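Residue numbers (my numbering), protein chains in the order written: chain A, 104 to 374; chain B, 104 to 374.
Hints listed in this document are in silico derivations from the structure and should not be mistaken for laboratory results.
Keep in mind that a hint or two might mislead.
Note that the list lumps identical chains together, so a pair holds whenever it fits in one copy or between two copies.
Calculated cross-link-like contacts (lysine to any residue; reagent style SDA-like; alpha-carbon spacing at most 20 Å) [to be verified]: (1) LYS105 / GLU339; (2) LYS176 / TYR325; (3) LYS105 / LEU235; (4) LYS105 / GLU150; (5) LYS132 / LYS158; (6) LYS371 / SER323; (7) LYS329 / ARG244; (8) LYS175 / LYS329; (9) LYS329 / TYR246; (10) LYS158 / SER209; (11) LYS301 / SER183; (12) LYS132 / THR211; (13) LYS175 / LEU235; (14) LYS301 / ASP163; (15) LYS158 / THR353; (16) LYS105 / ALA206; (17) LYS226 / LEU197; (18) LYS132 / SER217; (19) LYS371 / GLU293; (20) LYS329 / SER160; (21) LYS105 / SER208.
What you are looking at is a predicted structure, and each value in this text was computed from that prediction instead of being measured.
The primary structure of each chain is shown beneath.
Number of protein chains: 2
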Amino acid sequence: MKRTVFFISDGTGLTAEALGNSLLAQFEKIEFERVTVPYVDDQERAEALVDRINKASREDGMRPLVFDTIVKKDIRAIISEADGFMVDIFGTFLDPLEQELQASSSYTVGKSHSINNEGNYEKRIHAVNFALDNDDGARTRHYDEADLILVGASRSGKTPTCLYLALQYGVKAANYPITEDDLDDQQLPEVLRSHREKIFGLTIDPERLAVIRNERRPNSRYSSIKQCMHEVEEIETMYRRERIPFMNTTAYSVEEISTRIMVSTGLKRLR
Amino acid sequence: MKRTVFFISDGTGLTAEALGNSLLAQFEKIEFERVTVPYVDDQERAEALVDRINKASREDGMRPLVFDTIVKKDIRAIISEADGFMVDIFGTFLDPLEQELQASSSYTVGKSHSINNEGNYEKRIHAVNFALDNDDGARTRHYDEADLILVGASRSGKTPTCLYLALQYGVKAANYPITEDDLDDQQLPEVLRSHREKIFGLTIDPERLAVIRNERRPNSRYSSIKQCMHEVEEIETMYRRERIPFMNTTAYSVEEISTRIMVSTGLKRLR
Chain A
104 MKRTVFFISD GTGLTAEALG NSLLAQFEKI EFERVTVPYV DDQERAEALV
154 DRINKASRED GMRPLVFDTI VKKDIRAIIS EADGFMVDIF GTFLDPLEQE
204 LQASSSYTVG KSHSINNEGN YEKRIHAVNF ALDNDDGART RHYDEADLIL
254 VGASRSGKTP TCLYLALQYG VKAANYPITE DDLDDQQLPE VLRSHREKIF
304 GLTIDPERLA VIRNERRPNS RYSSIKQCMH EVEEIETMYR RERIPFMNTT
354 AYSVEEISTR IMVSTGLKRL R
Chain B
104 MKRTVFFISD GTGLTAEALG NSLLAQFEKI EFERVTVPYV DDQERAEALV
154 DRINKASRED GMRPLVFDTI VKKDIRAIIS EADGFMVDIF GTFLDPLEQE
204 LQASSSYTVG KSHSINNEGN YEKRIHAVNF ALDNDDGART RHYDEADLIL
254 VGASRSGKTP TCLYLALQYG VKAANYPITE DDLDDQQLPE VLRSHREKIF
304 GLTIDPERLA VIRNERRPNS RYSSIKQCMH EVEEIETMYR RERIPFMNTT
354 AYSVEEISTR IMVSTGLKRL R
């Protein structure tokens, strides 16, 4: 028995999905069929959506949940006619916010992920390019410009984390893979020493690292559990000796790793 | 006169930020000072946060707005003592959802961006690696595996869009830059012809393209408005001749471009 859930928006639908999914995560035993419908921004689309919600209601034998971040009142009014359980986000919070702020809502559609949102968009795209140009120790001469330099063993999660930090927060993050050559003297690699205050270390359980590496280069020395254990141990020893802040990424998503790095380093979120 | 806004969470804070910012975007004339506090997951942190909210209230001379996605009732109870205007997302929606679903909330903390969320996490990370390996036409032999191949002029927004599609939706997106050599015969480049159904085109206003290219290679032929106009015109002609679906990225963010591509191609969102 599944229950259909609609995330609907006059913009990208990202906010409706984020909010809806965080609420649905509290009901682990129920199976949900998720449908996102972005850009519901005129009467025709709203009416087509009402038909779709009503159809799901008939098919499931119960009314769908509808998470709605539509800004315009007239569009919301059409949607509210559907046979769904409405979680009407703007309808719920906008009136009390207007009162508290003593200001009228501008009812501007689709602002929250737009290019004009606080002029930070270009900074984010620059940060993505920076992360790509300074990935995997490829270039170290731009480290002066970096907000952050992630270090760690190959495949410990540096690159996806740098890209997420760039896209979400506009943080310019370079990354440097620590290899066996770097580990001979248990010291921070020379190229990193003058940037000590920007360095954050990643580590990972050797068993997990071996699984990830095996996807890349199956049955190699690089992927062997022995090699992974050796590298991880040496790298963690170096972090401790050099007092580099670090975290174990094994149990965390890029969103969680990024957020913990932001908290630990005190870097400021862009939006 | 600024107004302080807190986004607080026992997880990453991403949902509180997304919801809060989409509501605040409706009040364009008010200047907000945004503070995100993630991982408020015990009594001590909750009490420290109450002090911080109260301090902001005294300094601003008015109470801050507090967007709160904290799951646990006892932590929320502490926060609600603060001198803030509370937008209590779980408090508002969880009770009615429990009734509608005839189920109890599990009050599980920090689920919505966790690695265990529906087993889709690995797919997203694989998609990021795929995007990096198949960036900028570097390799075309994996196009069979791609969900999508973005094409367009150099610097029209392909790479950041591919990375966003991967990180957010787990879509495996390759990209192929259309160069002058490809444009001689106004046809789709040969390497793309057998993947026609996966191709989506990007275009961009030549003026904007020239600005972006000038940041990369100032005062070059590549960055000249003449060259940008020529390439864009030829590429759009090719898209039309070959009936490639395409969009102009000039006014849109990566979130918006990605969402429009998902709608246009019918690709399924992962979460």
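Against the structure, the hints:
no.	hint	in the structure
1	LYS105 / GLU339	neither (46 Å within a copy, 44 Å between copies)
2	LYS176 / TYR325	neither (59 Å within a copy, 47 Å between copies)
3	LYS105 / LEU235	neither (42 Å within a copy, 37 Å between copies)
4	LYS105 / GLU150	neither (24 Å within a copy, 40 Å between copies)
5	LYS132 / LYS158	neither (24 Å within a copy, 42 Å between copies)
6	LYS371 / SER323	neither (41 Å within a copy, 36 Å between copies)
7	LYS329 / ARG244	neither (34 Å within a copy, 33 Å between copies)
8	LYS175 / LYS329	neither (60 Å within a copy, 42 Å between copies)
9	LYS329 / TYR246	neither (32 Å within a copy, 35 Å between copies)
10	LYS158 / SER209	neither (33 Å within a copy, 30 Å between copies)
11	LYS301 / SER183	neither (51 Å within a copy, 37 Å between copies)
12	LYS132 / THR211	between (37 Å within a copy, 12 Å between copies)
13	LYS175 / LEU235	neither (39 Å within a copy, 39 Å between copies)
14	LYS301 / ASP163	neither (53 Å within a copy, 33 Å between copies)
15	LYS158 / THR353	neither (43 Å within a copy, 37 Å between copies)
16	LYS105 / ALA206	between (42 Å within a copy, 14 Å between copies)
17	LYS226 / LEU197	neither (30 Å within a copy, 37 Å between copies)
18	LYS132 / SER217	between (36 Å within a copy, 17 Å between copies)
19	LYS371 / GLU293	neither (28 Å within a copy, 46 Å between copies)
20	LYS329 / SER160	neither (55 Å within a copy, 56 Å between copies)
21	LYS105 / SER208	between (37 Å within a copy, 17 Å between copies)
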